[in-house]
Each structure stands twice: as structure tokens, then as C-alpha cells.
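**Student:** Chain by chain, the residues run as shown.
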Amino acid sequence: MVVKAQSRPAEVLRPGHAGCPGCGHAMGMRMVLRALGNRAVVVVVPSCVAVISGPYPYAALNVPMFHSAFEIAAPTAAGISQALKIQGKDDIPVLAFAGDGGTFDIGLQSLSGAADRNEDFIYVCMDNEAYMNTGIQVSSATPRYAWTGTSPMGNTRRKKHIMEIMAAHRIPYAATACIGFADDLTAKVKKAKEMRGTRFLHLLSPCPTGWKMEQHLSPKAAVAAVETNIFPLYEIFGGSEYVINYRSKGLPVETYLSLQGRYRHLRPEDVKSIQAETDRNWEELKRRV
Amino acid sequence: MSLPDWLNPEKIIPISRGSTTVFKTGTWSGNRPEHREKTSPCRAACPAGNNIPDALFAASQGNFDDALSAFLEESPLPGVCGSVCYHPCETYCNRDKWDGSVHIRTLERAAADYGNAIPIPLANSGERYPVAVVGSGPAGLSAAYHLARMGHPVSVIEARDEAGGLLRFAIPLYRLPQGVFQKDLKRILSLGISINTGEKVGTKKLEEIRAKSSAVFIASGAQRSIKAEIPGLDLEGVLPGLDFLQKVRRSVLTELPGKVVVIGGGNVAVDAARSARRLGADKVEVVCLEQRGDMPAHEREWSDALEEGILFHYGWGPKRFLGKRSRASRVEFAGCTSVFDSKGRFSPSYEEDESLMLDADWVILAIGQVPDISPYRASPLAERGFVQTDPITLATTWEGVFSGGDFVTGPRSVVEAIAAGKRAALSIHCYTLGKPFSEAEERTLLGDGPGFSIHSFFHPREGWDPKSVVRFEDIESLCLDQEARRSLGRLSPVERTTGFHEVDIPLDLREAVQQAGRCFFCGTCTGCDRCFLYCPEVSLLPPDENCSFYRADDAFCKGCAVCAAVCPRGVMTMGEVK
Numbered sequence: 002m003v004v005k006a007q008s009r010p011a012e013v014l015r016p017g018h019a020g021c022p023g024c025g026h027a028m029g030m031r032m033v034l035r036a037l038g039n040r041a042v043v044v045v046v047p048s049c050v051a052v053i054s055g056p057y058p059y060a061a062l063n064v065p066m067f068h069s070a071f072e073i074a075a076p077t078a079a080g081i082s083q084a085l086k087i088q089g090k091d092d093i094p095v096l097a098f099a100g101d102g103g104t105f106d107i108g109l110q111s112l113s114g115a116a117d118r119n120e121d122f123i124y125v126c127m128d129n130e131a132y133m134n135t136g137i138q139v140s141s142a143t144p145r146y147a148w149t150g151t152s153p154m155g156n157t158r159r160k161k162h163i164m165e166i167m168a169a170h171r172i173p174y175a176a177t178a179c180i181g182f183a184d185d186l187t188a189k190v191k192k193a194k195e196m197r198g199t200r201f202l203h204l205l206s207p208c209p210t211g212w213k214m215e216q217h218l219s220p221k222a223a224v225a226a227v228e229t230n231i232f233p234l235y236e237i238f239g240g241s242e243y244v245i246n247y248r249s250k251g252l253p254v255e256t257y258l259s260l261q262g263r264y265r266h267l268r269p270e271d272v273k274s275i276q277a278e279t280d281r282n283w284e285e286l287k288r289r290v
Numbered sequence: 005m006s007l008p009d010w011l012n013p014e015k016i017i018p019i020s021r022g023s024t025t026v027f028k029t030g031t032w033s034g035n036r037p038e039h040r041e042k043t044s045p046c047r048a049a050c051p052a053g054n055n056i057p058d059a060l061f062a063a064s065q066g067n068f069d070d071a072l073s074a075f076l077e078e079s080p081l082p083g084v085c086g087s088v089c090y091h092p093c094e095t096y097c098n099r100d101k102w103d104g105s106v107h108i109r110t111l112e113r114a115a116a117d118y119g120n121a122i123p124i125p126l127a128n129s130g131e132r133y134p135v136a137v138v139g140s141g142p143a144g145l146s147a148a149y150h151l152a153r154m155g156h157p158v159s160v161i162e163a164r165d166e167a168g169g170l171l172r173f174a175i176p177l178y179r180l181p182q183g184v185f186q187k188d189l190k191r192i193l194s195l196g197i198s199i200n201t202g203e204k205v206g207t208k209k210l211e212e213i214r215a216k217s218s219a220v221f222i223a224s225g226a227q228r229s230i231k232a233e234i235p236g237l238d239l240e241g242v243l244p245g246l247d248f249l250q251k252v253r254r255s256v257l258t259e260l261p262g263k264v265v266v267i268g269g270g271n272v273a274v275d276a277a278r279s280a281r282r283l284g285a286d287k288v289e290v291v292c293l294e295q296r297g298d299m300p301a302h303e304r305e306w307s308d309a310l311e312e313g314i315l316f317h318y319g320w321g322p323k324r325f326l327g328k329r330s331r332a333s334r335v336e337f338a339g340c341t342s343v344f345d346s347k348g349r350f351s352p353s354y355e356e357d358e359s360l361m362l363d364a365d366w367v368i369l370a371i372g373q374v375p376d377i378s379p380y381r382a383s384p385l386a387e388r389g390f391v392q393t394d395p396i397t398l399a400t401t402w403e404g405v406f407s408g409g410d411f412v413t414g415p416r417s418v419v420e421a422i423a424a425g426k427r428a429a430l431s432i433h434c435y436t437l438g439k440p441f442s443e444a445e446e447r448t449l450l451g452d453g454p455g456f457s458i459h460s461f462f463h464p465r466e467g468w469d470p471k472s473v474v475r476f477e478d479i480e481s482l483c484l485d486q487e488a489r490r491s492l493g494r495l496s497p498v499e500r501t502t503g504f505h506e507v508d509i510p511l512d513l514r515e516a517v518q519q520a521g522r523c524f525f526c527g528t529c530t531g532c533d534r535c536f537l538y539c540p541e542v543s544l545l546p547p548d549e550n551c552s553f554y555r556a557d558d559a560f561c562k563g564c565a566v567c568a569a570v571c572p573r574g575v576m577t578m579g580e581v582k
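One line per chain: the protein sequences are A and B, in this order.
Going by the working numbering, the first sequence opens with residue 2, and the numbers climb by one from there.
Going by the working numbering, the second sequence opens with residue 5, and the numbers climb by one from there.
Because the hints were derived from the structure by calculation, they are not lab data.
Don't take each hint at face value.
Said to hold, decoys possible - Here are the simulated SDA-like pairs of lysine to any residue, each with C-alpha atoms no more than 25 Å apart in a straight line:
| hint | chain 1 | residue 1 | chain 2 | residue 2 |
| --- | --- | --- | --- | --- |
| 1 | A | Lys-194 | B | Asp-533 |
| 2 | A | Lys-213 | B | Ala-488 |
| 3 | A | Lys-191 | B | Cys-483 |
| 4 | A | Lys-86 | B | Ile-19 |
| 5 | A | Lys-213 | B | Ser-481 |
| 6 | A | Lys-250 | B | Gly-104 |
| 7 | A | Lys-273 | B | Ser-481 |
| 8 | A | Lys-213 | B | Trp-32 |
| 9 | B | Lys-101 | A | Pro-253 |
| 10 | A | Lys-90 | B | Ser-20 |
| 11 | B | Lys-28 | A | Ser-249 |
| 12 | B | Lys-28 | A | Glu-215 |
| 13 | A | Lys-287 | B | Lys-251 |
| 14 | A | Lys-250 | B | Gly-34 |
| 15 | B | Lys-101 | A | Ala-84 |
| 16 | A | Lys-213 | B | Ile-19 |
| 17 | B | Lys-15 | A | Phe-71 |
| 18 | A | Lys-191 | B | Glu-477 |
| 19 | A | Lys-213 | B | Gly-34 |
| 20 | B | Lys-251 | B | Asp-363 |
| 21 | B | Lys-101 | A | Leu-252 |
| 22 | A | Lys-90 | B | Ser-481 |
| 23 | A | Lys-287 | A | Glu-255 |
| 24 | A | Lys-213 | B | Asn-35 |
| 25 | B | Lys-15 | A | Lys-191 |
| 26 | A | Lys-90 | B | Pro-18 |
| 27 | A | Lys-250 | B | Cys-532 |
| 28 | A | Lys-213 | B | Gly-579 |
| 29 | B | Lys-15 | A | Trp-283 |
| 30 | A | Lys-213 | B | Thr-31 |
| 31 | B | Lys-28 | A | Asn-63 |
| 32 | B | Lys-582 | A | Tyr-57 |
| 33 | B | Lys-15 | A | Gly-80 |
| 34 | B | Lys-28 | A | Glu-255 |
| 35 | B | Lys-15 | A | Tyr-57 |
| 36 | A | Lys-90 | A | Ala-36 |
| 37 | A | Lys-273 | B | Leu-482 |
| 38 | B | Lys-15 | A | Gln-88 |
| 39 | A | Lys-250 | B | His-463 |
| 40 | B | Lys-439 | B | Glu-477 |
These numbers come from a predicted model, not from an experiment.
Could you build the full structure based on these sequences and the hints that come with them?
**Tutor:** Take a look at the structure:
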């Protein structure tokens, strides 16, 4: 069939970046940025996002981007946002990208401070569930049982519930999204863009390298995470009003786990325990709605 | 104004002004995606090779004109097929392995009902050769239609007083409403085809036609009812199946009081029984040699007949007809122990001790139909007692004479007749130009064949691999929604038997759009943009003025195969750097 030309939003991410082939982060960044538009300021901190955004003196983003220190994505964004307001440019959104390490671990304190003051920026946590660009070390976003370089027998701790932490700050908007559901992700970025105050997006973006998958599996793994309820898609308004965006197929967790080499060592009882915890979390989430 | 160094942002913080596009990451991998459209299993299964994915995509967008246009690429009779086809497409539909096949047949009918389209001409060579077609049934009309689209002047010769063959005179109205066929026929005739009705053709006449035409296609169907050597056959009230159906369609028979016994297990027998029921028969019984489940009639027809209160007796063969005052009153049957002999030939054997006696005011004998080749006595056609053709080219042993459809194969389905007509059309086209047909066929064969695409022979579709058929495993099931196949509206058995109203209720417009939307459009790019959107390298280029399909930017593509993985229709395929 001859496909007719259609109008598409401008691309903000440029080719030639250094992401691994099939990188989920690159897909996520691309989707977030094209939803945000090319009139914006972006902050990045050390993470795979920083790798993708380009080595000096080259940039992979088509918008002004500030490369800040690991632990201060949120206050950097807050500062830029304040400065733009002083200059009278309060229509320019500021968006911070940080990895799960920069959010769950290293940047948590400063993120909490900025959220507490309800500073005006969008914070996108690009979660690939470990410190991937330094060579796959465990973070507090790494799920239980997952292999990383520093949890060779499988992670013993459970994934930190970052959405609850953000909800506890009573920020106007917090949402989960993943690269497997592009429309949902786009809608959430656009919705966040129209709001003011601290807006938080927890974006699951599978990592073929660190999750030990084939290169083409990132979108599929992301869909599987949602369809198994391991990573439900939902929004929290004002820290208390929960909305579930997608009614999953409720597939068994094996659908998700079996795609990934980092779970290859699981025993049947481990899978059972992941299933039980997933079910518990899903019931808990539904109770909150 | 120049700033001092300690205030100059360029000096305090390094600023990247270059673009990462200087890094040609395309060298990272030798793998590259290719936009390669494939054939959907429904299309490969359709004898007529209908372009179902394109048609259903247009329908899903509410564009029934384009949907009809897509069906008209391969078949002149979408309304007819949409009503009566035995739809092998739905059997092979990939969605059948998920949550029930798409209602393809009914959607073809919806396209014919709601759409209007002019058949796309097949680019012709500029050379025009007059072709004659004998018979205006589905095979004849199909051949005439495609030949006319190629620009050849076509004249059709029909023995009856109206065109259509069994579509006009045999298939009961409750399966094929007259208006539906007429709309198809009108469209075919709009191509400038002349139909001479009431003209019978035999050896001598054919010689005349041959002299005036470059080629002749004979598609006279299989219309001679087989008459078994059964005592009492000449009793009044004993009717051959096809004659009976024809009398009903011509309104010669408008009521049928009394008890009716139909003999035969094929579709004509079931059509006759159901027609008899509608003509007000008190009791209709079908008696066949075969056991239940082995009947040649389509299962749906059989179960419909059961619903309508028709009784079936399985495993009986007629022994004799008994009459009162030269009128049939009873039929005696013998138990049939097997229908075929050890070599698979039709040769029923009976258990003479077992017998069944049925009262009958009317006996309809529908034990099969055969082509009538008697008009062609003393011609090369009749040399072997049946018409022999080359299965690929449909050429007979008589130079310039082609033949196909039921006239060659014996009774088959409407869609197979349409397929034969299409094959004959392209074969005749190649014959008149002196080109080998096998090459033309080979280029456009759908899957393993025998269906082929006549449209894409004349209008090649760039980037389409017709032989490659999309399997269910090629579709990422994780991304599929559940929307079970809905059962369609039908008249209740009571409503049906009060007249010849169409049994299947056609889809309304809204439902048709919805049902078409269930199609996976296997192997056909619909421009959904997923491959483009998911490319982490921003290096998949969407269609534009210069190129009508998605392709990788060689400079940056890292060959990760995400585009192929997210394609919901199996179009993007991994290959190597060219």
C-alpha cells in the first residue's frame, strides 16, 4: 500500500548518539522530547541519558540542554525554571532527565527538596533498573532477584517504591509510563506540560545490555511489564487521587521474566514469590484508586 | 560588547555546539531493516487472490469506495462472493488463532453494498485482440472482465435469455439477492463488454467465432444433471435438481404442496431442499449415500437446513420410484455401505436387505451435475469425452480455444470459477502477445499458489514479496487486543422459511467499520508509524515524496531490529546492508 505522508511533530533527538543498539532510553527520550516540543530546556545528569545526549562538543538534543551533577537534577531544573521566569520566559518548560540511580539513590534528597517546594519543572526518571552506563551495578530501583554485576546471585532487596515517595510530597502530578505504550507516554508528557509545579514521570525503559536481552526486545519487555502488572500504568494527582490508565491482560509474570537473561537463574519458588508480590502490589494499587 | 573571561559563559562552562550527526553509527552493524510487504494468509487462501488487507484497511477507515476498488483488482463479483463464498480466507485468517477470524466474506459484501468504484484498467500493451467468451457464469464474466480491463474487445455469448449462469438461474435468492448480483453485473458491463444472449454454441458456431477472434474461452459450466438408471425416473413429479432450482428462480414453480424427497448430499441437494421448504412443502427430506459428516455439502448449509426443519437420512441410495397413475408417490432406498471403492472411485455398494420407503409427492434428484460437451461433438474438445486443458494455461487441445471453470472441473464453487476466468484472461493475454504465461504467473503467485494477482502483474507493487505469507508467529501477540469474533445477525428459521429473504443480515455501516478494524492487515503496511516512532536512532525514514515506504537511514541505523519487532503486520524484515 502506498502510505500517504502525514504530519509529525518535530524530532528533538538527533541520530548519531552513543546509545547501545535497541536502547530503551533512547526510545523513551525520543518520545518524551517530541511530545515536549522544541521550545524547552532540558537538564541531564550522569546516566545513560548523559551518554546519549552526546560527548563534548557534540549534542544529540535539538534544544538547550544543561549537563549537571549526578545528585542535583531536580534543583538544577528548578533553578533554570526560576531564572527563566525572572527573564519573563515562563512559557518555556524545563525538563530534567535522570536515571534510576540519580533518582532513587543519589538524587533523592535534592529531588525531595525541590518537590517539597513544588518547584516548577518536569522530572523524568528514566528507569532501567540499575547503574547501566557504569557497567550494570545494583541500584535501589533494581527488582528483587535480578542479576547485576554487584548482585551476582540476584538482588536481595525489593525495588524502592518511588511513586509512593513522590506521592507523599503531594506534588500536582506523578505518573508511570513506559516505552511500550507510546500513546500513553505522549499523552502524559503533554498533560504534564500543561500543568505547573513539580511533575514527576516514572518511565520504565528496558535495557537490552543490562537486562541481558536481544537488542530488539526493549519495547516488548516494556509491554510485558505492563501486561503482567509488574509495572502498571497509572497517575497520581495531588499525591492522593489515583487513576489507573490501562487495564492489563494480567499475564503471568513469566511472560516478562523469561524475556530477560538477568532472571535466568530464578527457581520456580522465586517466580512464585515475584508473582505473589506483583499481585499484592496490584491489589494495593487498585485499593488506592 | 565583549565580556571578561570570568563572565563569559563560553569560558566558564564548555558548550557543545556540534551535532552528534557527525558520528555515522551506521557502521556499527551490517544488519538493516527492509520494508518488505508480504501476502496475508487469507489472500493466499482465496482462489481469486483478493486483495483483502488493502480492502479491509480502507473499510476500517470508513472508505468503502476504496475497499470495493481493492476487491475489484482481482474479482468482478465482490457482491456475489460476499454473499455466497465458502470463505477459505476466514479459515486461514491469522486472527483465527487469536480470538476468532475476521468476517472477511461479510465485509466483502459490505464493500459491494456501500462502495462505488470503477475497476482500475490494467495497463495494456496497446495491442487489442478480440476475444470471445462462451458462457456468462462467474468464470465467463471473470474472464471477460479482466480481458476488458486489459483493453481487449470482448464479446460474451450466453445460451439463456439473461446473463449470469448459475448466479442468475440456480443459486437461491435467500443466499444471493438479485440486486446484489445485478449491481456487480452492471459494473462489469460498464467496461464495454457485449453480451449476446439466447445464442447456443456448438462445434460449427465455435469455428465461426474462432475465425473472428484471436482466442475463445469456453466456460459453459456443469449444468447437465446426472440421471441415474433408476426405475420410475420418468414419473411425473421427479425433477432434476438444477432444473428444479431454475424453475424456482424463474418463478415457474411458486408453490410445492405435499411431501418432498431430495436425493443427494451436495450443495444443490441442500439448496433444493431449502427452496422446497420455502415453497410451502409439508415435509422435506434429504436422502444421501454418505454418512453424516461426509456429505459434500458445506456444513453451514447443512446446519441451516436442519434448523429449518429439513430431515436428513444418511447412508441410503435410491432403488426405485413408485407411482400412482404415472405420478410419483413413494421412493424406495437401499442401505449404502460404502460410497467409494478401494481406489477412491465413486462406486456405491448396497446392502440390499435394508430398505427405506418414503412417501413423496415430489422427488428432486440432485445426485450431481456434469458439463455438457455434446454440442462440441466432432471437435478436438470432445476427443476424450471430457474437456482436457493445461492446468496452468487453461489451453485446450484446440488451438486458440481455452476453457475453465465447472465446464472443465465439474461442479466447484463460485470463487474457483472466478479464479479460472482470471487465469484464462491473463493466459489469453499472454497467448495473443506470444509471451509465455508461466513467467507471468510465476511473478505474481500468491504464497504457494495457485492464486495469483493479475492486478500486480500490470501494476507491480514495489517492495512486495507475494510468495512470502505472514504466519501468526510473525505477529507480536503481546501487542494485540482482545476483541472476540462476533456472531452475525441472521433471520430465525421461522422468518427464513416464510419466503426467499436473505438469511444472513448484511452488516450496517458502523458495524462494518468496526469489524474491518479487527483485521491485522498481515503483511500490508498501513502507515501506522510504529517502526518510525520506536527507532531509538531516529534513523528510520518515513514515506515522503521520493519514496513510498519506510526505510533505514544507512548512515545511522545500528541494525537493532526494533522496527521489525514492533511492526504489527510482519512488514519490516531484517536483512543486510546493501
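**Student:** If a hint holds in the structure, say so; if it does not, say that too.
**Tutor:** Hint check:
1. Between the alpha carbons of Lys-194(A) and Asp-533(B) the distance comes to roughly 24 Å, so the proposed pair stays at or under 25 Å and holds.
2. Between Lys-213(A) and Ala-488(B), the direct Cα distance comes to roughly 36 Å. Violation of the 25 Å bound is thereby established for this hinted pair.
3. The suggested pairing of Lys-191(A) with Cys-483(B) holds, with an alpha-carbon distance near 24 Å, which does not exceed 25 Å.
4. The suggested pairing of Lys-86(A) with Ile-19(B) holds, with an alpha-carbon distance near 23 Å, which does not exceed 25 Å.
5. With a C-alpha separation of about 22 Å, the suggested pairing of Lys-213(A) with Ser-481(B) holds against the 25 Å cut-off.
6. With a C-alpha separation of about 18 Å, the suggested pairing of Lys-250(A) with Gly-104(B) holds against the 25 Å cut-off.
7. At most 25 Å may separate the alpha-carbon atoms for a hinted pair to count; Lys-273(A) and Ser-481(B) meet this at roughly 24 Å.
8. Distance restraint check for Lys-213(A) and Trp-32(B): the Cα-Cα separation of roughly 19 Å lies within the 25 Å cut-off, and the hinted pair is therefore satisfied.
9. For the hint pairing Lys-101(B) with Pro-253(A), the CA-to-CA distance comes to about 20 Å; that is within 25 Å, so the pair holds.
10. Taking the CA atoms of Lys-90(A) and Ser-20(B), the gap is about 23 Å. The hint holds against a cut of 25 Å.
11. A C-alpha spacing of about 40 Å is found between Lys-28(B) and Ser-249(A), which places the hinted pair above 25 Å, so the restraint is violated.
12. With a C-alpha separation of about 23 Å, the suggested pairing of Lys-28(B) with Glu-215(A) holds against the 25 Å cut-off.
13. Restraint check for Lys-287(A) and Lys-251(B): the C-alpha separation of about 67 Å exceeds 25 Å, so the hint is violated.
14. For the hint linking Lys-250(A) to Gly-34(B), the alpha-carbon distance of about 37 Å lies beyond 25 Å, and the restraint is violated.
15. For the proposed pair Lys-101(B) and Ala-84(A), the alpha carbon gap of about 58 Å is over 25 Å, so the pair is violated.
16. Between the alpha carbons of Lys-213(A) and Ile-19(B) the distance comes to roughly 35 Å, so the proposed pair goes past 25 Å and is violated.
17. Restraint check: the Cα-Cα separation between Lys-15(B) and Phe-71(A) comes to about 22 Å, which is no more than 25 Å; the hinted pair holds.
18. Our distance criterion of 25 Å between C-alpha atoms is broken by Lys-191(A) and Glu-477(B), whose separation comes to about 35 Å.
19. Among the hinted pairs, Lys-213(A) with Gly-34(B) is consistent with the structure: their alpha-carbon atoms are about 21 Å apart, no more than 25 Å.
20. For the hint linking Lys-251(B) to Asp-363(B), the alpha-carbon distance of about 23 Å falls within 25 Å, and the restraint holds.
21. Among the hinted pairs, Lys-101(B) with Leu-252(A) is consistent with the structure: their alpha-carbon atoms are about 18 Å apart, no more than 25 Å.
22. For the hint linking Lys-90(A) to Ser-481(B), the alpha-carbon distance of about 47 Å lies beyond 25 Å, and the restraint is violated.
23. This hinted pair checks out: Lys-287(A) and Glu-255(A) have alpha carbons roughly 22 Å apart, not beyond 25 Å.
24. Taking the CA atoms of Lys-213(A) and Asn-35(B), the gap is near 20 Å; set against the 25 Å cutoff, the hint holds.
25. Only pairs whose Cα atoms come within 25 Å are accepted, and Lys-15(B) paired with Lys-191(A) is rejected, the gap being roughly 36 Å.
26. Only pairs whose Cα atoms come within 25 Å are accepted, and Lys-90(A) paired with Pro-18(B) is accepted, the gap being roughly 24 Å.
27. Restraint check for Lys-250(A) and Cys-532(B): satisfied, since their Cα atoms lie roughly 23 Å apart, inside the 25 Å limit.
28. The hinted pair formed by Lys-213(A) and Gly-579(B) meets the criterion: a straight-line CA distance of about 23 Å does not exceed 25 Å.
29. The hinted pair formed by Lys-15(B) and Trp-283(A) fails the criterion: a straight-line CA distance of about 52 Å is larger than 25 Å.
30. For the suggested pair Lys-213(A) and Thr-31(B), the alpha carbons sit about 23 Å apart, so the restraint of at most 25 Å is met.
31. At most 25 Å may separate the alpha-carbon atoms for a hinted pair to count; Lys-28(B) and Asn-63(A) meet this at roughly 18 Å.
32. For the suggested pair Lys-582(B) and Tyr-57(A), the alpha carbons sit about 33 Å apart, so the restraint of at most 25 Å is broken.
33. As the CA atoms of Lys-15(B) and Gly-80(A) are separated by approximately 21 Å, the hinted pair is consistent with the 25 Å bound.
34. Between Lys-28(B) and Glu-255(A) the CA atoms are separated by roughly 38 Å; this puts the pair beyond 25 Å, and the hint is violated.
35. In summary, the hint linking Lys-15(B) to Tyr-57(A) is supported, as the alpha carbons are separated by about 14 Å, within the 25 Å threshold.
36. About 20 Å separates the Cα atoms of Lys-90(A) and Ala-36(A), which keeps this hinted pair within 25 Å; it holds.
37. In summary, the hint linking Lys-273(A) to Leu-482(B) is supported, as the alpha carbons are separated by about 22 Å, within the 25 Å threshold.
38. Between Lys-15(B) and Gln-88(A), the direct Cα distance comes to roughly 22 Å. Compliance with the 25 Å bound is thereby established for this hinted pair.
39. Restraint check for Lys-250(A) and His-463(B): the C-alpha separation of about 43 Å exceeds 25 Å, so the hint is violated.
40. Our distance criterion of 25 Å between C-alpha atoms is broken by Lys-439(B) and Glu-477(B), whose separation comes to about 39 Å.
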